[in-house]
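Chemist: Letter by letter, the chains look like this.
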Amino acid sequence: MKGGPGVALIRVDNRLVHGQVLEAWLPALDAHGVLIADDEAAGNVLARSAMALAIPPKVQFQVLRVSAAAELLRPGGTGVPGVRTLLLVRDVRDASALAEQGVPIPRLNLGNVHFANGRRQVAPSVYLDAGEMEALSRLASRGTEVEARAVPSEHPTPLSTLQTRFASAHG
Amino acid sequence: MSALTVGGVAELLGTAAVAALIGGLAAVERKGALQLMLSRPIVLAPLLGWALGDPRGGLVLGVPLELIFLGGVNLGGSLPDNETLLAAALTSAVVPAGIFAGTGVDAPLAALGLALLYPLAVAGRRLDRASETHNAQLSERALASAARGADRAARLNLRGLLLPFAVTAAICFACAALAPMLGLARGACTPRLASGLTGAWHAVWALAAASAIRAIRDPRAPAFAAIGFGATIAAAALLRALP
Amino acid sequence: MTGAAQATRDPRRVSPATLLRVLWRSLFLQAAWNPRGMQNLGFAYAMEPALRDLYPDPTARAHAVERHLEFFNCHPYLAAAIVGGAVRLEEEVARGAAEPRSVSAFKSALASPFAALGDGFFWLALRPAAALIAAVTEPYLGLWCVALFLAIYDGVHLAVRAWLFFAGYRRGEGIVTAVSHAHLPQIIGFLKGSAAILAGGIAGRSVVVAGLPHRPWHAVLIAVLIVAMAALLPRIGLTAALYTAMALGLALGGGFL
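Chains as they are written, first to last, in our numbering: chain P, 1 to 171; chain C, 172 to 414; chain Z, 415 to 671.
If you're looking for bench data, these hints aren't it; they were derived computationally from the structure. There may be inaccurate statements among the hints.
[Stated by the list, open to error] Restraint ranges, calculated between C-beta atoms of paired labels, are given here: (1) Z:Trp558 to C:Gly243: 21 to 29 Å; (2) C:Leu409 to Z:His628: 17 to 25 Å; (3) C:Gly243 to Z:Trp631: 46 to 54 Å.
Think of the CB as a built atom: it goes at the ideal place given N, C-alpha and C, for glycine as much as any other residue.
Using the sequences and the accompanying hints, generate a full structural model.
Modeler: Set out below in structure tokens:
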């Protein structure tokens, strides 16, 4: 999973910065930057400063609103600065908002999406609702490879399996 | 062999009950309560060994187990192997077996026990998942009763400790009760097999060392480990060169 | 406060005894860890004594408990700071000086970053370092190495946990600044470096022990096994590694090779 600068992976994780991301994904991706595209975090000083505290000193770190991140990442934008970067979004809706604003998403990792009313469990740490399943299908039809796993050492679960589980799970 | 007398059986069941109690409490301490690391193999094995009559025998097991599972970390919802279940079960079986066989916890007995019981570390993950499913029901019940206005809804929290306690205690009880059979097996080992099992225990230490190096998640770890390795070998060579 | 202090306790503050009970209960944060709410039940359980002080009306109290049954997940030790801060914020909510939403926002802003700090410091630095110190000293200290492990680990752990709880209670959101003064990255780097050297020492000692008495080529084979296992472990996993290693050791030690 080594490679040059740019976006190494886009991950949906509603815990944003936490141990799985810093201790497992960054080393596995050989990434040295974290970009968070999230309106709520971008507007919350406390959340931003707590995240900055958790990020190791040698890792570049930026929090942007979703639209600002899209501006940066769409073809012709200035791109992520210098280092190989992990892009984090809070939920599937933000990921598809990025795609709709022209950001290429070759691979989308579903890490943690918490339970909420209407969401069904499709992976140990991933709960999705019908709208989110539809958004994922749309992304997949445009060429995004969708997978669910919390840490890189787990086997990735493909979208087709998530769809089967969603169909057979009860609300 | 006096173990099959009435007194012997009563003593065996007493030992098994002690193993069950301590093993069960360790399972609770591991994640649900305190987390003072009393349930880590390096503490649990000698502690349980002490309760079963041989703390040093427990330590023989606890140190390499600790190193093997040094890198097992519970990050968010991802689960590591259950080192506590393995350490508790292994100590419950091996320490009484060593006393029974008269060998104490030696390398062949430790290797034999570990080869037999290691799958429990992996099975322990299933126990952890099952606890989580059970806890999800507790959480739902607490939410429902808080919504109904019950101000003590959160008391259900401690019920989550029951399942890991009960399952681990039962496994430790069984392991301690079957310990005499392990002791008989140790007694039946030919010298050549015992020597082979000693080799297997050395290999367990090799894995423990490798796993400990791997557990240090830092790019400098291999280089630093090489320094520590070289220094130890050099010191050993120097000591042998002296009269 | 006048001389007759017992009559004038501010009902919108929790008592010191209650604060200690909350700290004690926070040690059971993960008793009912579950995939949907994670530490939700544990958090509400820890808050309960404080909520009893602050909301004398059972219905209001049940509402407050319900709020704390929302999703929460943090490192179990670092969460102490958030529990402490949440008690402080609940005092303000009970006084009418803050919205209930602010408690929730505080919890969710700090939970994940603090989880990362706790994972990095306790699980991945202090615990390996303390365990390796104990393992390296075991031949000299015997059973005392266990006491050494617990003294190092829990000395730091309990002090940090209590400090985080009371600092969280006193400072609320200011806890972030307080934690940033702890120089954690430097300490983590030092602990991991020391741990790696000690792990190498353990490897060296395993090789020396396997070579005794007068079996130098056993030592060489064990050394090769250590290097091979360190390289292969992430790919083959612990179970396969353990049984492969034991089979090789059995063949070697029994002279079956």
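Chemist: So which of those numbered hints doesn't the model satisfy?
Modeler: Violated: hint 3 alone.
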